[in-house]
Every structure is written in structure tokens, then in C-alpha cells.
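Each chain is listed here by its residues.
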Amino acid sequence: MKIVRAIIRPEKEDDVVLALEGAGFPAMTKAHVFGRGKQKGLTVGPIHYDLLPKVLLLLVVNDDEVEKVMSVITDNSKTGFIGDGKIFISDIERAFTVRTGEGL
Amino acid sequence: MKEIMAVIRQSKVKQTMEALADIGVTSVTIHNLNGRGKQGGNIMECVDPLMSTDVECVSKIYKFPTPSSMAVYSKLTKPVFWVPKSLLDIVISEVPEDLVVEAIMKVNRTGNKGDGKVFVMPIADALRIRTGERGDAAIV
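As you go down the protein sequences, you meet chains A and B in turn.
Residues in the first sequence are numbered consecutively from 1, following the working numbering.
Residues in the second sequence are numbered consecutively from 1, following the working numbering.
What the hints contain is simulated information worked out from the structure, not anything from laboratory work.
Here the structure is a predicted model, which is why all the values come from computation and not from measurement.
Misleading hints may appear alongside valid ones.
[Stated by the list, open to error] Computed footprint of chain B on chain A; a stretch qualifies when at least three of its residues, placed anywhere within it, have a C-beta under 8 Å from a C-beta of chain B:
#1 23-29
#2 90-101
[What the hints assert, rightly or not] Pairwise CB distance ranges, derived in the manner of DEER restraints:
#3 Pro46/A / Gly132/B: 23 to 31 Å
#4 Leu99/B / Ile82/A: 23 to 31 Å
#5 Glu94/B / Gln39/A: 40 to 48 Å
#6 Ser90/A / Thr26/B: 31 to 39 Å
#7 Asp75/A / Arg128/B: 39 to 47 Å
#8 Thr100/A / Pro122/B: 23 to 31 Å
#9 Leu127/B / Ile82/A: 29 to 37 Å
Even glycine gets a Cβ: it sits at the ideal position worked out from N, Cα and C.
Bound conformation, chain A alone:
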């Protein structure tokens, strides 16, 4: 099992979530976070924004579904401009459903 952490634009949140749901991944966790990237924020004229609002989506999926989830997220959140976000994948050793106590 893998955990997919996707940092995406807040305005693309609905697109991505509905697309993931349509692809069969309805379960996820969402957090509103602030972050910055390689460009150290955003400068508009004299005003510098150091931290920009983003949405962090956490999904736990099977190993063979990771590529599909990644392609769904990129297809729906891509604008081609700086600030589209990142996707990180890491391992999950074990997972449990609290209601039943069973592993997933």
C-alpha cells in the first residue's frame, strides 16, 4: 500500500476530487495548507506573498493503483503555470479500519 500526498491549487480541488471519485477513489483526507516552492512565493508588483494557500489531499491506495491516481490528479490539476503543486508517494506498512479492526 502507498500513501499519495498531493499538493494542488485550491481552485482545482473540486475538479480533482470529483475525478478521483469517478475513477473509484472516493476516500481521501483534505487539509488546507500554506506553502511555497522553488520560487519562494509570489511577487506581484511591490507585494510579496511568501506562503500561498494550497490544498493537501491524502489518499491511501494499493500499489498497482498509484499510477492511475497520479494521472487522474495531474490531468485535472494541471494548468502549465508555476504553482501547480507536487505529488509525493510513500510506503504504508499496515492499515486498519477502526470500525472492524481488520486490515485493509
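With chain A's structure known, arrange chain B on it following the hints.
Same frame as chain A, now just chain B:
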């Protein structure tokens, strides 16, 4: 070293913290965030009493029913896409992971949907900023 991520009900955070303290886990990071599970959120019975809240029963009729797909067909239903949840982040080295997982599950199990999930994942390294200790010593 293991990281345990538990997505639980917000109302159970205090009880869970007490149960964790009993087994010697006192360092916990709590995030308040929104989540949704296999059902894709909640349908509030009080808003639409005719809509069945048992999604398993509805899924026999529709192909892939979730609150958002139901919202397309039914103007009455007010689905809740995102349910407020708490994410507990625990990094352990000495306490056995089974003990922590059992403690979390015991407190949070109500038998209803939305009890949450517990994930166990490996941690590559840890560093205590105050002293510069690395590895297990940073967590104990």
C-alpha cells in the same frame, strides 16, 4: 521507528489521548482536517428524511452512489462531502506498534461508519532539534 497516522472522529480526540498516555505515548501531533471515506461523505437524515442514509442499501440500486453523485439527481438531498476529522500523527520507537494501534481502535470503535482508519508507515530518520540527537534517541 514507525509513524502511526490515525484519522479519527474529532469528538474522540481527548479520550484517545488519555488512552495513549496510559500506554506511554505522550507525544502526538494533531491536525484538524476534513475527510471522506468509501461512502464519499455523509447524507444528513434531518435534511432529507426520505433519502436512505444506509449507502450500502442504496448501492444496490445505483451503480456508484456517493453523496456527490446523488446531489446531481436529487435536489432535496443536502450531502456533506467533507466530514470534519482529526489526524493524529504519532512517531514511536520503544512502544510496540500493535499496542498503540489496539489502543486507538479500542477507544474509537463505535461500530458505525466513520470510525476512521489507522495507517502504519516506516520513518527513515529522526532528529531532535534542541540537542541534535539522531535516530531512536530523538524520539524516546
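A quick look at each hint next to the structure:
no., hint, verdict
1, 23-29, "holds (count 5)"
2, 90-101, "holds (count 11)"
3, Pro46/A / Gly132/B: 23 to 31 Å, "violated, 40 Å"
4, Leu99/B / Ile82/A: 23 to 31 Å, "violated, 46 Å"
5, Glu94/B / Gln39/A: 40 to 48 Å, "holds, 42 Å"
6, Ser90/A / Thr26/B: 31 to 39 Å, "violated, 25 Å"
7, Asp75/A / Arg128/B: 39 to 47 Å, "holds, 41 Å"
8, Thr100/A / Pro122/B: 23 to 31 Å, "holds, 24 Å"
9, Leu127/B / Ile82/A: 29 to 37 Å, "holds, 31 Å"
Hints 3, 4 and 6, counting from the list given before, are not met by this structure.
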